[in-house]
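Number of protein chains: 2
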Amino acid sequence: MAQDKSESLPPKENFSEWYHEIIQQAQIMDIRYPVKGLYVWYPFGFKIRQLVYGKLREIMDRDHDEVYFPALIPETELGREGEHIKGFEDEVYWVTHGGLTPLDVKLALRPTSETAMYPMFKLWIRSHADLPLKVYQIVNTFRYETKHTRPLIRLREITSFKEAHTVHRTFEEAEEQVRKAVGYYKEFYDFLAIPYLVIRRPEWDKFPGAAYTIAFDTVMPDGRTMQIGTVHHLGDNFARTFGITYEKPDGEHEFAHQTCYGISERCIAALISIHGDDLGLILPFEVSPTQIVIIPVLYKGKEKEVLELCEKIFDRLKGFGYRVLLDDSDERPGAKYYRWELKGAAMRIEVGPKEVAENAVVVSFRDERKKFKISVEELTKERIEKWAAEMKERMSKAALERMKEKIKYFDNISEVAGWVGKGVALVHLCSSTECGDSIETEAGGSVLGRFEEKPDWIDVEYEGSCIVCGGKGYLNAIAKTY
Amino acid sequence: MAQDKSESLPPKENFSEWYHEIIQQAQIMDIRYPVKGLYVWYPFGFKIRQLVYGKLREIMDRDHDEVYFPALIPETELGREGEHIKGFEDEVYWVTHGGLTPLDVKLALRPTSETAMYPMFKLWIRSHADLPLKVYQIVNTFRYETKHTRPLIRLREITSFKEAHTVHRTFEEAEEQVRKAVGYYKEFYDFLAIPYLVIRRPEWDKFPGAAYTIAFDTVMPDGRTMQIGTVHHLGDNFARTFGITYEKPDGEHEFAHQTCYGISERCIAALISIHGDDLGLILPFEVSPTQIVIIPVLYKGKEKEVLELCEKIFDRLKGFGYRVLLDDSDERPGAKYYRWELKGAAMRIEVGPKEVAENAVVVSFRDERKKFKISVEELTKERIEKWAAEMKERMSKAALERMKEKIKYFDNISEVAGWVGKGVALVHLCSSTECGDSIETEAGGSVLGRFEEKPDWIDVEYEGSCIVCGGKGYLNAIAKTY
Numbered sequence: 144m145a146q147d148k149s150e151s152l153p154p155k156e157n158f159s160e161w162y163h164e165i166i167q168q169a170q171i172m173d174i175r176y177p178v179k180g181l182y183v184w185y186p187f188g189f190k191i192r193q194l195v196y197g198k199l200r201e202i203m204d205r206d207h208d209e210v211y212f213p214a215l216i217p218e219t220e221l222g223r224e225g226e227h228i229k230g231f232e233d234e235v236y237w238v239t240h241g242g243l244t245p246l247d248v249k250l251a252l253r254p255t256s257e258t259a260m261y262p263m264f265k266l267w268i269r270s271h272a273d274l275p276l277k278v279y280q281i282v283n284t285f286r287y288e289t290k291h292t293r294p295l296i297r298l299r300e301i302t303s304f305k306e307a308h309t310v311h312r313t314f315e316e317a318e319e320q321v322r323k324a325v326g327y328y329k330e331f332y333d334f335l336a337i338p339y340l341v342i343r344r345p346e347w348d349k350f351p352g353a354a355y356t357i358a359f360d361t362v363m364p365d366g367r368t369m370q371i372g373t374v375h376h377l378g379d380n381f382a383r384t385f386g387i388t389y390e391k392p393d394g395e396h397e398f399a400h401q402t403c404y405g406i407s408e409r410c411i412a413a414l415i416s417i418h419g420d421d422l423g424l425i426l427p428f429e430v431s432p433t434q435i436v437i438i439p440v441l442y443k444g445k446e447k448e449v450l451e452l453c454e455k456i457f458d459r460l461k462g463f464g465y466r467v468l469l470d471d472s473d474e475r476p477g478a479k480y481y482r483w484e485l486k487g488a489a490m491r492i493e494v495g496p497k498e499v500a501e502n503a504v505v506v507s508f509r510d511e512r513k514k515f516k517i518s519v520e521e522l523t524k525e526r527i528e529k530w531a532a533e534m535k536e537r538m539s540k541a542a543l544e545r546m547k548e549k550i551k552y553f554d555n556i557s558e559v560a561g562w563v564g565k566g567v568a569l570v571h572l573c574s575s576t577e578c579g580d581s582i583e584t585e586a587g588g589s590v591l592g593r594f595e596e597k598p599d600w601i602d603v604e605y606e607g608s609c610i611v612c613g614g615k616g617y618l619n620a621i622a623k624t625y
Numbered sequence: 144m145a146q147d148k149s150e151s152l153p154p155k156e157n158f159s160e161w162y163h164e165i166i167q168q169a170q171i172m173d174i175r176y177p178v179k180g181l182y183v184w185y186p187f188g189f190k191i192r193q194l195v196y197g198k199l200r201e202i203m204d205r206d207h208d209e210v211y212f213p214a215l216i217p218e219t220e221l222g223r224e225g226e227h228i229k230g231f232e233d234e235v236y237w238v239t240h241g242g243l244t245p246l247d248v249k250l251a252l253r254p255t256s257e258t259a260m261y262p263m264f265k266l267w268i269r270s271h272a273d274l275p276l277k278v279y280q281i282v283n284t285f286r287y288e289t290k291h292t293r294p295l296i297r298l299r300e301i302t303s304f305k306e307a308h309t310v311h312r313t314f315e316e317a318e319e320q321v322r323k324a325v326g327y328y329k330e331f332y333d334f335l336a337i338p339y340l341v342i343r344r345p346e347w348d349k350f351p352g353a354a355y356t357i358a359f360d361t362v363m364p365d366g367r368t369m370q371i372g373t374v375h376h377l378g379d380n381f382a383r384t385f386g387i388t389y390e391k392p393d394g395e396h397e398f399a400h401q402t403c404y405g406i407s408e409r410c411i412a413a414l415i416s417i418h419g420d421d422l423g424l425i426l427p428f429e430v431s432p433t434q435i436v437i438i439p440v441l442y443k444g445k446e447k448e449v450l451e452l453c454e455k456i457f458d459r460l461k462g463f464g465y466r467v468l469l470d471d472s473d474e475r476p477g478a479k480y481y482r483w484e485l486k487g488a489a490m491r492i493e494v495g496p497k498e499v500a501e502n503a504v505v506v507s508f509r510d511e512r513k514k515f516k517i518s519v520e521e522l523t524k525e526r527i528e529k530w531a532a533e534m535k536e537r538m539s540k541a542a543l544e545r546m547k548e549k550i551k552y553f554d555n556i557s558e559v560a561g562w563v564g565k566g567v568a569l570v571h572l573c574s575s576t577e578c579g580d581s582i583e584t585e586a587g588g589s590v591l592g593r594f595e596e597k598p599d600w601i602d603v604e605y606e607g608s609c610i611v612c613g614g615k616g617y618l619n620a621i622a623k624t625y
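In order, the protein sequences belong to chains A and B. If you count the first sequence from 1, position 116 lands on 259 in this note's numbering, and the numbers rise without skipping. If you count the second sequence from 1, position 31 lands on 174 in this note's numbering, and the numbers rise without skipping.
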């Protein structure tokens, strides 16, 4: 597929340009689709998506059933929950015509699926025996974004929204599910070696209609945070609106309690942004479309032996079940190194005449780029698994270190603004809207909220005096956000 | 999940009611979503979808890359190909507003993706080395259907449209891909044990903008045909409209030639309709969400031993990698038989005290319902695979027999109308629009077209005199269609 191979990536320290370029050059998404905020998944990008969402599906399938609800929601349903519609009305795409015929009832393109699902949950749930109900779907959702759009980050069509919705008997049971969901998301992001902060959003920034919202934020290379997952306790708010009740064993009817939680393709944006370097993508072994690339280093008169060994190794690794590619194209090795570094092949194997003589290969991993030699016999599945796990470990550690450097505690309000934009400011803050407003104005960033779980490596007390009013406060994070 | 268990299925000979009921009762789709033509995939139905589309993906992945293009197509692109837009303009859903703001350019919800993809193909393809390009996606598409809607068959949101699009250098190379695509679809429907007719649509019924269209039709229990797949040769028609050219080795630029081919969730509608019986679903072993159900037959005082053997067998079959379920709920065996027949569990194992004494189990398959006894040791993976293959063979054969009974040749025009509606009429017909119109009016059905491949079991010559004008004709099929 044609692309400009002459271009090279800008350095990652110019993050915004780097991101813009890597998305196109590594063939994640084609950004040239003729509508703002809509992008095309290239085959290569789509493979990453499939691998990442395969893991997400595996995690969800343990505790949920997959379903599919319609993409079109009648205006009458979307508008039923007052807070909810207020939160979405400015960004809903409306379908008003079928062919040339105006529709009787306008249809919204789902921005999220509460109002598509919950009228049906009312029909599905009758008795306590029908609970808990836990479903999820992976679907396209739509937002009319008026802000600057960006592939995978701010989209008009979110192509890969994983949304889970659960129904329970009591507030406490729903809360238990919230905790489980936080655990699932941790597992998912740990798998991707992406560090995160688990933060309870302030009242003014929770999901429209929720009792409370817990978010996963990661810190991008430019110091802005990106929300990469949210978990909402909905209380019985939607249940009251949509009439979702259940009959208890004693015959009484009660409103159910609900949760919902979602992850979008921002998980892929984080994967690219958190791990990539000046040369291109760095992907954990499990989600690299090309896990291992074999590159023959050919010298005149030795081509045959080298290619034979390459093929032998290819067959061996294929036999282990890996996604392996033998790049025997006509290009020079340097051009191949360039391409596969750009595309984040996790492991590289080079074979030249010297290796043939020694029945060995030169191995390197994308994150370290340290080369070492190993005999062909020693290239076992066990060893590769171990290397892959070590690479993941290195990636997690490095990413966490970079995140830590971007997080600083402040107890002097006048210093916060100088940091926000470069990184995340930690401050003690009470929960009043006034103090929130005040610090947001002062800092030029958003209050992400207080830590739901304070990481071990933050050695500041969880409780402290509010940086604005001096009253009882909790550790909050403040940042510019994506 | 609550449902009315008291209902029973209408007999399948009342096909329309049977279909309506089985979709809801077997929990394929919930038909109660509050917009006409939109339905909800239940967890059970969605599992069938995943299994069926897993196979389709497996077949497509051999020769295509999976991609994803936006669901929203600007009016300016959708309208570029004259024939194409004429074919779709009455049934396109239009997005006209984002929030309260009217859009500058109206956006169509994709009815199919030619006009989303081909402007990008123009950018992707430069030289002959970029060809062939073969991609597919599985997406939701939208049609404003004004006719009677039906779950999985006639929908306003087609939730699972697999559409492949390929680009080639020459008409002949594209034609070769058409042949391959026909082969892929045969493999897919053979896998589902669904018989089909491969028919070239008449000129007036080809895909808007195509050079020609080859369709797969199956015959439903009521004698109407259902189109379950189409393969289109697009010639260089779209390439000319969208400027898709490539540079030949000699430096000249040529228009590319294209194909596209699609299958929707009608494949699931066919699966249900072709194989089901008065008791419910019959599904091939590979696509049955519950491949094997184990039902304990409990007698007082013998519960423990029976359940122990059930669990032992469960572990054994789980170990083989099967989707197996031990139904140890409190219901009577009869109620369990009813449920699992309704849901099409392919294989049933019953265990009672007698079986415990003999260390044996009673086995039956959903299509035959003949019970036989076999010792636990003989319940090997090899044997189950063999039984599953035999069941598929029986299902294919039975389905083909039923289809044959609904296909009759006519050489007397006055007799055709009496059959069309009950089944498919075969006639010799020339390719003129006049004779087509005439026979459609006479027969009260549609000309499906002439056989692209005449099956062996049709013992009528391919060529013959047109039943209308007496000129040179070919074997055509005429039917009422879904």
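Any given hint could turn out to be false.
Note that the list lumps identical chains together, so a pair holds whenever it fits in one copy or between two copies.
[Claimed, not checked] Capping the alpha-carbon separation at 35 Å, the derived lysine-lysine pairs in DSBU-like fashion look like this:
id: 1; residue 1: Lys461; residue 2: Lys597
id: 2; residue 1: Lys391; residue 2: Lys190
id: 3; residue 1: Lys461; residue 2: Lys615
id: 4; residue 1: Lys179; residue 2: Lys524
id: 5; residue 1: Lys391; residue 2: Lys290
id: 6; residue 1: Lys265; residue 2: Lys155
id: 7; residue 1: Lys547; residue 2: Lys447
id: 8; residue 1: Lys447; residue 2: Lys229
id: 9; residue 1: Lys323; residue 2: Lys455
id: 10; residue 1: Lys229; residue 2: Lys461
id: 11; residue 1: Lys391; residue 2: Lys443
id: 12; residue 1: Lys265; residue 2: Lys447
id: 13; residue 1: Lys447; residue 2: Lys540
id: 14; residue 1: Lys597; residue 2: Lys514
id: 15; residue 1: Lys547; residue 2: Lys461
id: 16; residue 1: Lys455; residue 2: Lys198
id: 17; residue 1: Lys445; residue 2: Lys391
id: 18; residue 1: Lys514; residue 2: Lys535
id: 19; residue 1: Lys535; residue 2: Lys443
id: 20; residue 1: Lys623; residue 2: Lys445
id: 21; residue 1: Lys455; residue 2: Lys445
id: 22; residue 1: Lys190; residue 2: Lys535
id: 23; residue 1: Lys155; residue 2: Lys277
id: 24; residue 1: Lys290; residue 2: Lys445
id: 25; residue 1: Lys179; residue 2: Lys445
id: 26; residue 1: Lys529; residue 2: Lys497
id: 27; residue 1: Lys277; residue 2: Lys597
id: 28; residue 1: Lys198; residue 2: Lys540
In case anyone wonders, no lab produced these hints; they're calculated from the structure. Treat the numbers as computed from the prediction; the structure is a model and nothing was measured.
To see whether the hints hold, each was checked on the structure:
Taking the shortest alpha-carbon separations for lysine 461 and lysine 597, neither the intra-copy value of 43 Å nor the inter-copy value of 42 Å comes in at or below 35 Å. Within a single copy, lysine 391 and lysine 190 get their C-alpha atoms only as close as 47 Å, which misses the 35 Å cut-off; across copies the closest is 30 Å, which meets it. When the C-alpha separation of lysine 461 and lysine 615 is checked against a cutoff of 35 Å, the pair qualifies neither within a copy, at 60 Å, nor between copies, at 56 Å. Taking the closest pair of Cα atoms, lysine 179 and lysine 524 never come within 35 Å of each other, the shortest separation being 45 Å inside a single copy and 54 Å across copies.
Neither within a single protomer nor between protomers do lysine 391 and lysine 290 lie at most 35 Å apart by alpha-carbon distance, with minima of 47 Å and 43 Å respectively. For the homomeric pair lysine 265 and lysine 155, the shortest alpha-carbon distance between copies (31 Å) is at most 35 Å, but the shortest distance inside one copy (50 Å) is not. Within a single copy, lysine 547 and lysine 447 get their C-alpha atoms no closer than 50 Å, and across copies no closer than 58 Å, so neither meets the 35 Å cut-off. For the homomeric pair lysine 447 and lysine 229, neither the shortest alpha-carbon distance inside one copy (69 Å) nor that between copies (58 Å) is at most 35 Å.
Only between protomers do lysine 323 and lysine 455 lie at most 35 Å apart by alpha-carbon distance; the minimum there is 31 Å, versus 46 Å within a single protomer. For a Cα distance limit of 35 Å, the shortest separation of lysine 229 from lysine 461 qualifies neither inside one copy, at 53 Å, nor across copies, at 49 Å. Proximity of lysine 391 and lysine 443 under a CA criterion of 35 Å is satisfied inter-copy only: 31 Å between copies versus 81 Å inside one chain copy. Within a single copy, lysine 265 and lysine 447 get their C-alpha atoms no closer than 69 Å, and across copies no closer than 39 Å, so neither meets the 35 Å cut-off.
Taking identical chains as interchangeable, the C-alpha atoms of lysine 447 and lysine 540 are never at most 35 Å apart, the minima being 42 Å within one chain and 52 Å between chains. With identical chains, the CA atoms of lysine 597 and lysine 514 are never at most 35 Å apart, being 39 Å at best within one copy and 61 Å at best between copies. For the identical chains of this complex, lysine 547 and lysine 461 are neighbours neither inside a copy (39 Å) nor across copies (45 Å), given an alpha-carbon limit of 35 Å. For the homomeric pair lysine 455 and lysine 198, the shortest alpha-carbon distances inside one copy (31 Å) and between copies (30 Å) are both at most 35 Å.
In the homo-oligomer, the alpha carbons of lysine 445 and lysine 391 lie at most 35 Å apart only across protomers (33 Å), although the nearest pairing inside one protomer, at 79 Å, exceeds that limit. Taking CA atoms no more than 35 Å apart as the test, lysine 514 paired with lysine 535 passes inside one copy only; the shortest distance there is 17 Å, against 53 Å between copies. Taking identical chains as interchangeable, the C-alpha atoms of lysine 535 and lysine 443 are never at most 35 Å apart, the minima being 38 Å within one chain and 56 Å between chains. Neither within a single protomer nor between protomers do lysine 623 and lysine 445 lie at most 35 Å apart by alpha-carbon distance, with minima of 57 Å and 68 Å respectively.
In this homomeric assembly, lysine 455 and lysine 445 come within 35 Å of each other (Cα to Cα) only inside a single copy, at 16 Å, whereas the closest approach across copies is 59 Å. Taking the shortest alpha-carbon separations for lysine 190 and lysine 535, both the intra-copy value of 19 Å and the inter-copy value of 33 Å come in at or below 35 Å. In this assembly of identical chains, lysine 155 and lysine 277 lie within 35 Å of each other by CA distance solely across copies; the values are 33 Å between and 41 Å within a copy. Taking CA atoms no more than 35 Å apart as the test, lysine 290 paired with lysine 445 passes in neither setting, with 57 Å inside one copy and 69 Å between copies.
In the homo-oligomer, the alpha carbons of lysine 179 and lysine 445 never lie at most 35 Å apart, since the shortest distance is 52 Å inside one protomer and 69 Å across protomers. Taking CA atoms no more than 35 Å apart as the test, lysine 529 paired with lysine 497 passes inside one copy only; the shortest distance there is 26 Å, against 51 Å between copies. Taking identical chains as interchangeable, the C-alpha atoms of lysine 277 and lysine 597 lie at most 35 Å apart only when both belong to the same chain, with a minimum of 28 Å there against 49 Å between chains. Taking the closest pair of Cα atoms, lysine 198 and lysine 540 come within 35 Å of each other only inside a single copy of the chain (21 Å); across copies the shortest separation is 39 Å, beyond that limit.
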